[in-house]
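Line by line, the protein sequences are chains A and B.
If you're matching positions, the first sequence starts at 1063 in my numbering and goes up one per residue.
If you're matching positions, the second sequence starts at 335 in my numbering and goes up one per residue.
No lab work stands behind these hints, which were simulated from the structure alone.
Keep in mind the model is a prediction, meaning the values are calculated, not measured.
Using N, Cα and C, we set each Cβ at its ideal position, and we do this for glycine too.
Errors might be hidden in some of the hints.
Examples of chain A residues lying across from chain B (beta carbon under 7 Å, computed) [said to hold, decoys possible]:
| no. | residue |
| --- | --- |
| 1 | P1067 |
| 2 | A1069 |
| 3 | I1070 |
| 4 | L1100 |
| 5 | A1101 |
| 6 | I1104 |
| 7 | P1107 |
| 8 | L1108 |
| 9 | E1118 |
| 10 | R1121 |
| 11 | P1124 |
| 12 | V1125 |
| 13 | V1127 |
| 14 | Y1128 |
| 15 | C1129 |
| 16 | N1130 |
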Amino acid sequence: MEAMPIAIDRDALQRLMAEEAAQLVEVLPAKEFGEEHLAGAINIPLKELDESAPRELARERPVIVYCNDYQ
Amino acid sequence: MGFPRVYDYVAGKNDWGSYGLPREGTNVPARAAGDVAHRDVPTCTLADRLSDVRERVRAAGWDTCIVVNEQRVVLGRLGRQALASKIDSSIEEAMTPGPSTVRPSIGADALLERIRARNLTSFLVTTPDGRLVGLVRRDDLESGT
Chain A
1063 MEAMPIAIDR
1073 DALQRLMAEE
1083 AAQLVEVLPA
1093 KEFGEEHLAG
1103 AINIPLKELD
1113 ESAPRELARE
1123 RPVIVYCNDY
1133 Q
Chain B
335 MGFPRVYDYV
345 AGKNDWGSYG
355 LPREGTNVPA
365 RAAGDVAHRD
375 VPTCTLADRL
385 SDVRERVRAA
395 GWDTCIVVNE
405 QRVVLGRLGR
415 QALASKIDSS
425 IEEAMTPGPS
435 TVRPSIGADA
445 LLERIRARNL
455 TSFLVTTPDG
465 RLVGLVRRDD
475 LESGT
């Protein structure tokens, strides 16, 4: 069984980025990512997450996923 | 995902943008309200004396003062008239309560349109929870500074 992601707020995100070099991943489609995303984020659309994450992300660093809002 | 430490920033990019934090992308305005806001706009609290505030604001070369609480949440605004008056009323009586505000992420062009439509000379910028970011002047937007 896989652990559920832990919900965090903006302050925790900034702390994880600054102190633990967290990897920021927008899971929306590429078009929406291209229009606007958090500075420093990469795009892995939700449908591709399981397949692409092991290739594109470092396992030893925290991963933060996000989309538009509480969806 | 099979990763040991995965977090979900549940409030997402709408929250991030509304706080004026750095964004990238084709739809992100080159200049946003948060970039052009004067963060040194004078502030006072309800407990201050209006006469003291007048002096301080004038000495700083401003003609407006934002009334905030301890968390810098905007409560009201003292405009030119309130600051020019000789009457020493309370800050609460003198201020215009609940001024209109915009978020730091709104583009400078969109904000200028809004300011012109309302025939204003400035607009307050706050975070979504009402904390003061600063004041944007129409003149700055029109001159592109």
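Each hint tested on the structure:
| no. | hint | verdict |
| --- | --- | --- |
| 1 | P1067 | 4 Å, holds |
| 2 | A1069 | 5 Å, holds |
| 3 | I1070 | 5 Å, holds |
| 4 | L1100 | 5 Å, holds |
| 5 | A1101 | 4 Å, holds |
| 6 | I1104 | 11 Å, violated |
| 7 | P1107 | 13 Å, violated |
| 8 | L1108 | 11 Å, violated |
| 9 | E1118 | 11 Å, violated |
| 10 | R1121 | 6 Å, holds |
| 11 | P1124 | 4 Å, holds |
| 12 | V1125 | 5 Å, holds |
| 13 | V1127 | 6 Å, holds |
| 14 | Y1128 | 4 Å, holds |
| 15 | C1129 | 5 Å, holds |
| 16 | N1130 | 5 Å, holds |
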